[in-house]
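Using the sequences and the hints given, assemble the complete structure.
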Amino acid sequence: MPGRNQQFVLDALTRSERPMGAYELLELLRQEGLRSPLQIYRALDRLIEEGLVHRIESLSAFALCVHSECTHGRAAFAICANCGRASEVHDPALERVLRRIARRQGFRTKSATVELSGLCEACAHR
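2 is the number that full-length UniProt numbering gives to position 2 of the sequence shown; each next residue is one higher, with no gaps.
Hints should not be assumed to be uniformly reliable.
[To be verified] Estimated spans, in silico, between C-beta atoms of each pair: (1) 42 - 124: 33 to 41 angstroms; (2) 27 - 122: 22 to 30 angstroms; (3) 88 - 124: 15 to 23 angstroms; (4) 67 - 37: 24 to 32 angstroms; (5) 98 - 4: 18 to 26 angstroms; (6) 18 - 107: 30 to 38 angstroms.
If you are wondering where the hints come from, they were derived from the structure by calculation, not from laboratory data. Built from N, CA and C at the ideal position, the CB exists for glycine as well.
What follows is the structure in structure tokens.
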């Protein structure tokens, strides 16, 4: 069960139509009593540990995990360069390819996030 600050952050990400940065979250949640970036980052770290949130490195932002079949620490995102929306995608074939690559390299994967950048269907047809 998320703590108070984690719940505020989780609710904000749930309402958002796109990934949000820590400072965006802080600005949004100041009215709830969150005053320091450290409070936001601690809440995000805990939510990531619980598998409820993903970090999207290329955006320096965080997104709500929307797939119940999400493997902790593994996700793929299709990120629209125009509107900023990020769709979480899961594909067992991609999981197998990533495991095979890691195995060939003798690498033990802690996490894997694939980020596709381009235009979403709505923006591509504008």
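inquiry  = I'd like to know which numbered hints this structure contradicts. Please list them from smallest to largest.
reply    = Violated hint: only 5; rest satisfied.
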